[in-house]
Amino acid sequence: MIEHGPLLERLLAGEFICAVSDENAHRHLSSDETRDAIDSYLRPLNRRLASNQDASVYFLAWRQLNDEAREQLSRQLGDTVNSLLPLLEWLQLVQEALGRDTLAAPGDVLKPAEFSAKCEDNQSLRERLERLATDSFFGSQSEQLDAQVKQVFKRLKEHGYLMQPHAERQVFVVTGKIDYLVDLVRFIRDEENLPIDADSEEGAQESLL
Amino acid sequence: MSGEHALESRLLKTGSERLALLGRHADVLMQGYTRDEVPLDNLSDSALRKLLAARLLWRPDEQSGVKLAPKVRELIAEMLSDETRRHVNADVAETLELIRSLVHSYREARSRGEHWRQAQQLLRLRQEVDDLNGRFADAIDSLWQRLNSDFGFVSQLNDKIRENDRAQKQIARLLDGLALIDFDELIELVGSDGSLRKLLISQLQQQLSHHYTSLREVQRRLIELMARFRKQQARSRLVSGMVAFMREHPGFVPGNYARRSEVPALFNQAAPLNAAAAPALDRALDSHVLSELLHQLPTPRHAAQIVAAASPAQLPENSLAAARQQALKQDVERFYLAVLDQPQAEPVSALDYLHESSLEWPDEIWLFQVIAEFQGLPRSEQRAFRLHQDESPASPFNDLRLIHDVALQLAIPL
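First to last, the protein sequences are chains A and B.
Residue 129 is where the first sequence starts when you use this note's numbering, and the numbers rise one by one after that.
Residue 43 is where the second sequence starts when you use this note's numbering, and the numbers rise one by one after that.
It should be emphasised that the hints constitute simulated quantities derived from the structure, not laboratory data.
Hints may contain errors.
No more than 25 Å apart at the CA atoms, straight line, and that leaves these computed lysine to aspartate or glutamate pairs for DMTMM-like [stated by the list, open to error]:
#, chain 1, residue 1, chain 2, residue 2
1, B, Lys273, A, Asp150
2, B, Lys211, B, Glu266
3, B, Lys273, A, Asp182
Pairwise CB distance ranges (calculated) [as the list claims (entries may be wrong)]:
#, chain 1, residue 1, chain 2, residue 2, range
4, B, Glu304, A, His132, 23 to 31 Å
5, A, Lys285, B, Ser123, 36 to 44 Å
6, B, Ser123, A, Gly133, 46 to 54 Å
7, A, Pro293, B, Val295, 36 to 44 Å
8, B, Ala320, A, Pro293, 46 to 54 Å
9, B, Ala320, A, Leu322, 47 to 55 Å
10, B, Asp133, A, Glu258, 57 to 65 Å
11, B, Leu323, A, Thr230, 30 to 38 Å
12, B, Leu64, A, Lys285, 51 to 59 Å
13, B, Glu290, A, Gln204, 23 to 31 Å
Beta carbons: idealized from backbone N, C-alpha and C, even for Gly.
Hey, can you work out the whole structure from these sequences and the hints?
In structure tokens:
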């Protein structure tokens, strides 16, 4: 258990562990034995190891859902729902600004400078960024484009969607928590029967493998 | 014999001449490759005639312009690994047909003892087998190129999905082609001829099984990549769909999943816990480490604080000790008042007062406090008293003076 000390600490602090944020730890967590060991360690803390469906991210869940835990989860759900639209709009904005044909995915490298430059040249992107940055989730107070972008990236890093490999370099890497976010969206769509284009083909292709 | 040699040398000559045309008109041909038609501005009539005769160019009909022959286009695509235009030729059936007839001619020539023709047929057979082999190798190379670049030659995800689909169909055709080659039939065909057996059985079989493995591998990877493309496409659609929905329904709130009897796994995320720790000195081993850490602490950069300002940071005194200190101080003050009340202004011994008033302070503490009280008085009030110290040297050789008692006396009669 000793070798997993730092990992446990990060999990307990509420971090999501993925192959981008910590490749080693993620590899350890893919072993049943390690997961069992961590689970039994977490038992007295009323926590257990959980993952999304693809097991691309690991995090801690409540073991027993007592009233206190449910209270906390309700609050958290409220926060999640409130942050959903700004986060998804940011994903779209990045995709469009950088001229990509796919959403930012774990491992993608994002540079705030490049993002600023693209938004600067395009009035519509500029306006969308402005609206997004001043949203209460990102909470930028500035009118400067660079400061707004900086704030947006800072908040995304705080929330674990991005990581910054070198503190002094303005280069960010998308983490596996984005997968978790997309899973949440998919779950809400299915659960609430939202009229959103269903991805029926996905299952068909995967079943071929 | 000599006629056949003449034929061969004429072939060689014409072939070289026509190949040279490719080099001489490379620019024009490349322009034709990138555009719909070959530009004729820089081409003389005789050059155009030669290019048409060599079937490097062709004219679909009288009205239309001159175009690159399909084979030339293919050759260029192949040379450039231009994956948008590279073709995969999986037509194995015709090659097999050709091989069969070549084998028959070869055997005929052998039975008639026509050695030169026999050698020619063997050469052509070898070339056909090499071609077949080369076609598979080329196709597989082209497939790997496309796969490894993630279909980077098209930018849109939808195009990538279409290209991937096309590549998968090519693989299916190539695999079908491989399945047409029946080695039992070939074994029967070559009979006991050693060189044919080597060429058509052992060598070909080895090469084809290698191609088969490669094709299966490419196919597996293509399907994987396709799944990834589809997944990306689904993600994009999901996110844009949700954004559109939430914009249209600003008040949308999903159900409170946390209140369900079965909380969905995704939403069960435990509250963060801070694994805090503080330095502890209850283990001798650690105290050494801690003291080292203490020494390593950077010295604070700010200037020393004024004592008055720093007073709140003083350690809170033990309340019991503070109470006793206060009691001692009050008793000493009463002693001073008693001296003031002395009508004769006689010196009063502090120890005598202590013993008489049955206070329980140790003598030494009492004397200290009496002296301290005197020192603590404002100078004007100090002048109202005189403090006599009854003292003696500690020993003849030591000038340390020991105070045995103090006597307080009013200096100015009131």
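For this session: Using the beta carbons of leucine 323/B and threonine 230/A, state whether their distance is inside 30 to 38 Å or not.
Result: 57 Å, violated
For this session: Evaluate the given range 36 to 44 Å for the C-beta pair formed by proline 293/A and valine 295/B.
Result: Holds, at about 37 Å.
Exercise. Measuring from beta carbon to beta carbon, are alanine 320/B and leucine 322/A in 47 to 55 Å?
Worked result: 49 Å, holds
Exercise. Is the hinted range of 51 to 59 Å satisfied by the C-beta distance from leucine 64/B to lysine 285/A?
Worked result: 58 Å, holds
Exercise. Does the structure keep lysine 273/B and aspartate 150/A at a Cα separation of 25 Å or less?
Worked result: 24 Å, holds
For this session: Go ahead and decide if the range 46 to 54 Å is satisfied by the Cβ distance of alanine 320/B to proline 293/A.
Result: 31 Å, violated
Exercise. Taking the CB of lysine 285/A and the CB of serine 123/B, does the distance hold inside 36 to 44 Å?
Worked result: 41 Å, holds
For this session: Using the Cβ atoms, figure out if glutamate 290/B sits within 23 to 31 Å of glutamine 204/A.
Result: For glutamine 204/A against glutamate 290/B, whose Cβ atoms are near 25 Å apart, the range 23 to 31 Å holds.
For this session: Measure nothing beyond the straight line between the CA atoms of lysine 211/B and glutamate 266/B; if it is 25 Å or shorter, mark the hint as holding.
Result: 15 Å, holds
Exercise. Could one say that the CB atoms of glutamate 304/B and histidine 132/A fall in the range 23 to 31 Å?
Worked result: 29 Å, holds
For this session: Would you mind confirming whether the straight-line C-alpha gap from lysine 273/B to aspartate 182/A stays at or under 25 Å?
Result: 12 Å, holds
Exercise. Is the gap between the beta carbons of aspartate 133/B and glutamate 258/A within 57 to 65 Å?
Worked result: Distance hint for aspartate 133/B, glutamate 258/A holds at roughly 60 Å.
Of the numbered hints given earlier, the model fails hints 8, 11; all others are met.
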